[in-house]
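**Student:** Starting from the known structure of chain W, arrange chain H on it as the hints suggest.
The lines below spell out each chain.
Number of protein chains: 2
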Amino acid sequence: MTTSPISEAPSGGAPLSPTERTRVRRLSERAATDRQALYDLLDAARICHLGVIVDGAPRVLPTGYGRDGDTLYLHGSTGAVSLRTDDEICVTVTHVDGLVLARSVFHHSINYRSAVIYGRPRLVTDPDEKLTGLRAIVENLTPGRWDAARRPTRKELAATAVLALSLDEASVKTRQGPPGDDEEDYALDVWAGVLPVREVIGEPVPDPRLRPGIRYSEA
Amino acid sequence: MTTSPISEAPSGGAPLSPTERTRVRRLSERAATDRQALYDLLDAARICHLGVIVDGAPRVLPTGYGRDGDTLYLHGSTGAVSLRTDDEICVTVTHVDGLVLARSVFHHSINYRSAVIYGRPRLVTDPDEKLTGLRAIVENLTPGRWDAARRPTRKELAATAVLALSLDEASVKTRQGPPGDDEEDYALDVWAGVLPVREVIGEPVPDPRLRPGIRYSEA
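Protein sequences, first through last, are from chains W and H.
Counted from 1, the first sequence has number 162 at position 162 by UniProt numbering; the numbering is strictly sequential.
Counted from 1, the second sequence has number 101 at position 101 by UniProt numbering; the numbering is strictly sequential.
Next up, chain W with everything else stripped away, as it sits in the complex (with noise of 0.2 angstroms):
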């Protein structure tokens, strides 16, 4: 198991940020190198996790996040604890494409894409930016809504804290492909190949307080 790519800090990404922690430690065929596999696994996901640290310990929280350009933006409430911080922060996405079966336990894997971001968040104080990181966040998370939707009223808007955080020291790291078992385990009797994992979204379910005449329609 010391070969599963996902417990193997994906921290890396040189040529996206040069800087040491950035730097890909292990396994580093599995750094992307181009920017633009971090935005199209920006873009895929929907939900990221954010280390903060709080009272001196790690605290990791999911949270929506959307990406306008080279800054991500993330929300909450003005009052959340996890926001409050000045400190640095880092924000950490995870697409999951397949369990990779291999023929030895060891050897055992998942094809992912995961992204690091690491920054210190700078408070989102201009009312023309603050739209922009809501509407990059609500149309992550939601396709299409910020226009179906009502926008926020200016006091919905002041309840909100907006952050952005540069993608300027980011890396991304990726396993893809069919498992790589040791040349011997190759002659044993065992099903070794990739379960695709992939994100269905269902039958939509009205609001039981819908009102009559009003139907779903995909962005």
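No lab work stands behind these hints, which were simulated from the structure alone.
None of the hints are false.
Cut-off 20 angstroms, straight-line C-alpha distance, at most; resulting in silico cross-link-like pairs (EDC-like, lysine to aspartate or glutamate): (1) W:K155 <-> H:D182; (2) H:K155 <-> H:D128; (3) H:K155 <-> W:D182; (4) H:K155 <-> W:E183; (5) W:K155 <-> H:E183; (6) W:K155 <-> H:D185.
A partial selection of chain W residues facing chain H, derived with a Cβ cut-off under 7 angstroms: (7) A57; (8) C90; (9) S114; (10) R150; (11) V200.
Built from N, CA and C at the ideal position, the CB exists for glycine as well.
**Tutor:** Frame of chain W, contents of chain H only:
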């Protein structure tokens, strides 16, 4: 968007662990009150996001995990930076169940279950517990494969670090059900409801080097 549950510190769950940081700060009705909810979520999800502190900054990495009773097991190469810590870690497991489409952008949300576990991990040195931990990890990620594939050799075991994390300080937070709109917005001509999200396993893709005659069989 401030009510987006997933953005609001899913760190609650007093009944699971009555420490200050696992007490629910916001939307406490979403804190699951029983340990079974924690077990169910951990058994339903495949990967976690591990939070550690490296050089004073938070780092969040995706990784596999397994549960055995009230112990969570993590693994990695013995050389991995993120496993060399003796400090506190945070493990977060998130399962997205649906997209919540409200009549206002502000009340868009996610139906989800999320567990946050804090603690100081223990390096597993006992050979039997190491196997227990690895088995839990493999079975959580790829059920049935511990028995189907070749078991770890002594050399492979030596190269694999296994960490045990107690589930003592843990919390679960969930959001389920239809959107909660502002009363005056229910009159709007906007579709509202939930788009269920689920993970689907596709057709198995055999390893190009799979020996003829070996068929995939589900666990």
